[in-house]
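Model the placement of chain B on the given structure of chain E, informed by the hints.
Taken in sequence, the protein lines are chains E and B. Using the working numbering, the first residue of the first sequence is number 1, and each one after it goes up by one. Using the working numbering, the first residue of the second sequence is number 1001, and each one after it goes up by one.
Treat the hints with caution; some may be incorrect.
Just some of the chain B residues that point at chain E, by a computed CB distance under 7 Å [said to hold, decoys possible]:
# : residue
1 : Q1122
2 : S1125
3 : A1126
4 : L1130
Just so you know, the hints here were simulated from the structure itself, not pulled from any lab data. Bear in mind that the values here come from a model prediction, so they are computed numbers and not experimental data. The beta-carbon is built from N, C-alpha and C at its ideal position, and this holds for glycine as well.
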Amino acid sequence: MADKEMRAVYTDTLLELAASDDRIMVVEADLMRATGTGPFKEKYPERFVDVGVAEANMVGVSAGLSAAGKIPFAATFGCFASRRVFDQFFLSCAYARLNVKLVGTDPGVSAAFNGGTHMPFEDIALMRAVPDIVVCEPSDPVSLAACVKLLAAHPKSAYLRLHRKAVAPLYATDERFELGKGKVLREGSDALIIALGAIMVPEALKAAEALKAEGIDCCVIDPVWVKPLDGDLILSRAAKVRAVVTAENHQNSNGLGSAVAELLCEHHPMRLERVGVRGEFGEVGTQAWLQKRFGLDAESIAAAVKKALAG
Amino acid sequence: MEQETLRNLESQAREVRKYTIDTIAHLGVGHIGGACSVVEILTLLYFHEMRVRPADPHWRERDKLVLSKGHAGPALYSTLALKGFFPMDWLQTLNQGGTNLPSHCDRNKTPGIDMTTGSLGQGLSAACGLALANRIDRIDSSYIYAIIGDGETDEGQNWEAAMFAAHNRLSKLIAFTDYNKLQLDGTTEQILDLGDLEGKWRTFGWFVLRCDGHDIGALAAAIVSAKAQSGLPGAMPSMIIMDTIKGKGADFAEGLLTNHNMNVDRATADKAIAALYGEK
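For reference, chain E alone in the conformation it holds in the complex (with noise of 0.2 Å):
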């Protein structure tokens, strides 16, 4: 399978799910040539709502449309996504036991040349301290058919994390994905990698390989989903290695590597290694220069298994 555009697959998802279920609806707020949601405004007119660049708007008018019982997928920038609409989301959705699917697209240093001030580094910190929601951040094509799917049977409100861009498929088309689940992408005796989102987990996938030529055998595990973080999952392969290490395009506290941290200090309390954005700001530049400028690439990620094995 060659590599596909994150968003189209969304959209075509999306479009198949209207096709037997006309609940779904799409809501922009003026990126929908971004998120590459055109196709669902030609099929279902009437399901397509832009609200403008009213963001604000665009998640209460979302609520509103769930309360009638819609399920509206609404999407925007993930900067604009989490910290603008934090109170709107939190309150007319979450709160208010709504279902809206909130969509961040460009997350971390997939915002590239839009810079700091679109780059998120901090959306997953925020939307984990949502009660009752889910998160989740697909790693490729297959998984985030499997996600938004997933989200558009479970009635309750939740934010994607959704890289826009083409990258290669991890899994068979024919993988099976539950809400909660991750999965294991290989298995190793020495050192746990987890790794979120399809810059990281291709990352964790290189650093596994140049690990095994040097004797280090490490267990690649992709959570899918940070909250409900999949606990028994990767308890079950911390407990057959001596460290572990997350890495996550995000700010390395209160995302990913923090939920580990939380898991393990109360069910299994060994070492751990954070790969992610370090109390900094994003700014611009390629994506490939960032992953270097921020340490999120697999040179980092080998560096952080060896440095917790080293203890």
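Frame of chain E; chain B shown alone:
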């Protein structure tokens, strides 16, 4: 509106106000000002205008109300209880641990509450979503009502929703501004002047009316006009600006600059309730 209907609604409003004051007094503290200023519109909506089924609060084709100024909950709870959505004795549980009647409206706790509100400025957007969903589902018989506060109007999200409702011709949306001229820190003129409020909504494309918010006959006439407009070609959403008095009818609070949220003791409340019924 026929005189008899009007008299009945006025007497019903007195009951709603009585229970609103009583509910807040039972707790000892509450948002008396903004609750009392919306008593007439709530009474008119639930006892005359709105198609609702107290025994089936989730009836899909009902009319809906978003009380965006969620802190006026006690007035709406009194209205809903009198309408039969839940037992009257629930009113005594306002804000007690485990209650179904929290200070701010909660669609999951209280039968008859259509939208959770409390963070000001968010309700009109939700009302837009409800109106849009009705259009998509071809539920043409249903109106969506929203009540926003004048202080709440400071929130920018209202104006995002205002543009959205007009752009999408959400003509079945009828909103009200509780224009009591007071917000928490002072008068709206002192804190953030609303200027030409009618002109603002009109410029945003809405069908705008203004009336005395404590005159049920005038409110009813305004709603009749708004509904008639909603059936015309090119119809727009309606905004009815209600001139109201914060704390109206609660003699200890009415006209008081600081009546947004205040302590209310039993004796004071009883005296105010007696005054409502012309007793000394």
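Comparing the hints with the structure gives:
no., hint, verdict
1, Q1122, "holds, 5 Å"
2, S1125, "holds, 2 Å"
3, A1126, "holds, 4 Å"
4, L1130, "holds, 4 Å"
In terms of the numbered hints stated before, the structure departs from none.
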